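Residues 12 to 166 in our numbering are what the sequence shown spells out, letter by letter.
It should be emphasised that the hints constitute simulated quantities derived from the structure, not laboratory data.
Note that this is a predicted model, so its numbers are computed, not measured.
Among the hints, a few may not be true.
Calculated cross-link-like contacts (lysine to aspartate or glutamate; reagent style EDC-like; alpha-carbon spacing at most 20 Å) [as the list claims (entries may be wrong)]: (1) Lys31 to Asp66; (2) Lys31 to Glu90; (3) Lys31 to Glu41; (4) Lys31 to Glu45; (5) Lys31 to Glu79.
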Amino acid sequence: MPEPGYVYALINYSMPGLLKIGRTSRAPAERGQELSAASGVPTPFVLLFDIFVPDSALAESQIHQALEHAGFRHSQGREFFSVPPDLAIRLLLAVRDGSDAPSVRLPRRLDTDLLMGSRSVSNDAVRAITKLGYLPERATDARSEERRVGKECRS
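Please model the entire structure based on the sequences and the hints provided.
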């Protein structure tokens with residue numbers, strides 16, 4: 012029987028180049044905190060992105076298979092992938108929207124517009140992505156300025 016829940020992508024400063032992609036029936040941020048509490052994790056996980064789906068086990072399986080098929084799985088049997096954040100987000104969105112995950116095109120070029128323009132990607136995640144070298148510092152500065160100007164216009 013399908014179990015509704017979240018599929019999430021987490022990043023960690025101590026694991027440059029890796030994303031953890033998993034599923035939970037609870038809030039993804041809580042799951043990230045739970046994983047961060049382990050004594051073997053030197054820095055906390057940051058929630059990059061999540062989707063809510065009617066069958067989280069199926070969605071997670073589709074995503075893992077697509078990433079493994081594309082050569083992004085870091086280690087067999089583990090939920091860690093050497094995939095750029097924008098590609099992971101694109102794949103999660105495709106699965107959420109009903110696309111067949113294995114057919115989702117996974118280019119190896121970073122889509123900074125997707126990362127910077129998405130309202131779903133938190134500022135903490137953008138800082139982590141920048142610190143890990145996926146985005147140049149100036150991109151983070153531009154996003155902060157854009158949000159500051161947006162707030163002023165709404166005031």
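Here's how the hints hold up against the structure:
1. Lys31 to Asp66: holds, 19 Å
2. Lys31 to Glu90: holds, 5 Å
3. Lys31 to Glu41: With a Cα-Cα distance of about 14 Å, the restraint between Lys31 and Glu41 holds, given a limit of 20 Å.
4. Lys31 to Glu45: holds, 13 Å
5. Lys31 to Glu79: holds, 13 Å
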